[in-house]
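*Asks:* Order-wise, the sequence lines are chains A and B.
Under my numbering, the letters of the first sequence match residues 1 to 314, in that order.
Under my numbering, the letters of the second sequence match residues 1001 to 1257, in that order.
The set of hints was computed from the structure by calculation and includes no laboratory data.
What you are looking at is a predicted structure, and each value in this text was computed from that prediction instead of being measured.
Hints are supplied without guarantee of correctness; some may be wrong.
Computed spacing ranges between beta-carbons, pair by pair [as the list claims (entries may be wrong)]:
| no. | chain 1 | residue 1 | chain 2 | residue 2 | range |
| --- | --- | --- | --- | --- | --- |
| 1 | A | E89 | B | M1003 | 45 to 55 Å |
| 2 | A | G169 | B | V1250 | 28 to 38 Å |
| 3 | A | S142 | B | K1021 | 39 to 49 Å |
Here are some chain A residues the structure puts well away from chain B; computed CB gaps all over 10 Å [stated by the list, open to error]:
| no. | residue |
| --- | --- |
| 4 | H93 |
| 5 | M200 |
| 6 | E307 |
Cβ atoms here follow ideal geometry from the backbone N, Cα and C, with glycine treated the same way.
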Amino acid sequence: MSGIAVRVRDVSKRFRSRGETIDALKGVSLDVERGEIFALLGPNGAGKSTLLNILMGILVPDSGGVEVLGGDVLAGRTPFARIGYASGEARFHPVLTAADIVNLYATAFGVPRAERRRRVDALIAEFGLARCRDRQYMLLSSGEKMRTALAKAFVTDPELIVLDEPTIGLDPDGAISIRREIARINREKGVTILLTSHYMREVEQLARRIAFIAGGEIVDRGSAGEVIARALPGRSFVVVTRAGAAGAAEGLGGLGFEHRGERHVRTLRSDESMGDLMRALSDLGVRPHDIEVGQPSLEDYFVHMVESSRNEHG
Amino acid sequence: MNMGRLLFLVRRDLKILRRVKWRVMEMLYFPVTTVIIWGLFARAAPRDAVAVALAILAVNVFWNFAYAAQSTTNMQINEDLWSGSIRQVLMTGVTGGEYIAARIVFALMMSVPVGAVLMAVAWGFGFTVHGMYLASAASIAITTLASVGLAVLVAAAVFTLGKEYSFLAWTVIQIFVMLSAPFYAPEALPAWMEYVSRAMPFTDAFAVARLVAAGAPVEGILLRRGFLVAGLYVAASMPLYLLAFRRARVTGMLARL
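The whole structure should be built from the sequences, with the hints applied where relevant.
*Replies:* Here it is in C-alpha cells:
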C-alpha cells in the first residue's frame, strides 16, 4: 500500500484565555504514509493533543491544511467511518457495557443491523473481551477499557487508527499485550497507525517513523535510529550516583550531563576518551556508584530533546 | 442531518436509561409529588377557592411538563460532559445540529409520558379540561416549543461557557416560570414586569391552562401569541446554539469539555 494517509500542512493554532495567548501549534507540517506506524512524541503541552484534536475534527486550526485519507478536514469532509480513534484516557458512559459500546458506535457509522451483530461478536472475541462483554464500563479493568476502546475503533474496519497514549496506566503485562495487538493490527490488516506515547520503549518497538514536537513545532523527524544518531552521536555514558550525593549533579551538569534522578547521562562522542571523562569526574570529586556505557536509547533522545527545547524556549 | 447518527444518539440514551432504571423515577418524582401537593391543596380548599386551586394545579402540570422536556434535553448533554464521553460521540462525525436534535427527540420521548402521568394525577384531584381539547393541545404544544427553545439556549450557554455552567439544566426554568406570570394575569404585575412577562415563553400557555381549568373561553389571540413567542425562542435559540457549537470548535472549548 502506498500514498499518504495523513497530510498536515503549515497548521497553526493559537489559544487565548484570560489575556494570555498560547501558540499551541506553529506551522506544523507532516505526512503519515499509508500502512506505517507513525509516532508523535513530545513533552506535555507540546501540541500533540491539539494536533490530534484537529485531525479528529474537534478543533479548527487558525491556518493551514489537513487531509485525512484524502478528505479535507477543514472543509468538513473528514471520512470518520474510515478512521478509528482509541485513547488510553478514553471515557465512555460508565453504565454501558463493552458490547453496548461497540454495538452503538457501529450504529453511529451506519453498519447494517445483521452485519453489526456479526462484527461486534468478532471484535469482542478478537480483543479478548468475551468474558467481560456484558460488564459495565465502570467495572472494567484499565486493560479491558483499552481493549474496548480498540474494539470500538475497529468497528468500521478503518484504514487509519489514531492511538493517543494507548498504554497509559496499564500494568506491564497489559501494556505488552496492547502493544502486541497494535503490531498485529498493522501487520495483518495493513492499517495506518498514528500513535502518541510517553513510553519510549513502546515507540521504539512499534513506530517506523517518529516526529518530535516541542513548543508547538516539529523539531525533528525520521526513524528512531536516525533521530537518535542525529541528536546523540556516539555512545551514551551514564553515571549513577548514590541518593543524596550532594553537589554531584551540579558538577556533572558542568560536564554536559543531563540528570534523571540519580542517573546522569551524556553522550560520549567518538573523539572523546572515556579515560579523560573518568579523570574529569575524579577531579570533580564525583564518586560514581556505577557507570553504564551503551548505545543511547529513544528515552535518552527524548530527555535530550526536552532539555534542548527547554533551554531554547527558556 | 444524518439519521443514522441521530438514531445512534437516541439509542444510546435509551440504552443508558435501561441500564439505570431509577432515572425514570428521577424524571417522575418531583413533577408527580408537586402535582400531588397542589392536588391535595385543591381538594382541601374551601368551596369558593376551589377554582383558584385547580388553576394553580393546572399551571403546575404545565410547569412540570416544561421542566421535564427542557431539563431532560440538557441533562443528556450533561451526562456526556460528566462521563467525559462527548469526545467519543463527536469523533463519529456527529454535527451540532444532529447532537441537539437527538437530545430533543429523546427528551420528548420521555417527557410526553411524564406529562400524561401528570395530567392523570391532576384529573384524580378534580382537574378537567372542560371539553376544550383543542385549546389544551395547543397549550401543550406551546409549552413543548418553549421548553425546546429554552433547552437549546441552555445548550448554547454550556458550549460557550463550559461545563461549569451545566447547573443551568435544572435551574434556568425557575426564573422563566417566575417571570411568566404563572398564577395570575400579566396585567396584575407592575408595568415593567408586565412587558418582561409578555416576552416570556410560558406566559400564554399558563394563561390558557388557567382558563381551561376554570372552564372559561380561551381567546384565539392567546394561542397565536403563545405560538409566536415560543416559536421565536426556538428560531432564535437554534442559530445561537449552532454558532456556539461552531465557536467551541474554534476556541478549543469542545476539546476541553
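*Asks:* Could you run down the list of hints and mark each one as holding or not?
*Replies:* Verification of the hints:
In this structure, E89 of chain A and M1003 of chain B break the distance hint of 45 to 55 Å, their C-beta atoms being roughly 31 Å apart. Against the hinted window of 28 to 38 Å, the Cβ-Cβ separation of G169 of chain A and V1250 of chain B comes to about 31 Å, which satisfies the hint. Checked against the given bound of 39 to 49 Å, the beta carbons of S142 of chain A and K1021 of chain B, roughly 28 Å apart, lie outside it. The Cβ of H93 of chain A does not lie farther than 10 Å from every Cβ of chain B; its closest approach is about 5 Å, which violates its non-interface assignment.
Against the 10 Å criterion, M200 of chain A stays outside the reach of chain B, whose nearest CB is about 26 Å from its own CB. Under the 10 Å C-beta cut-off, the non-interface status given to E307 of chain A relative to chain B holds; the minimum distance is some 28 Å.
Figure legend: structure checked against the earlier numbered hints; hints not met, in rising order: 1, 3, 4.
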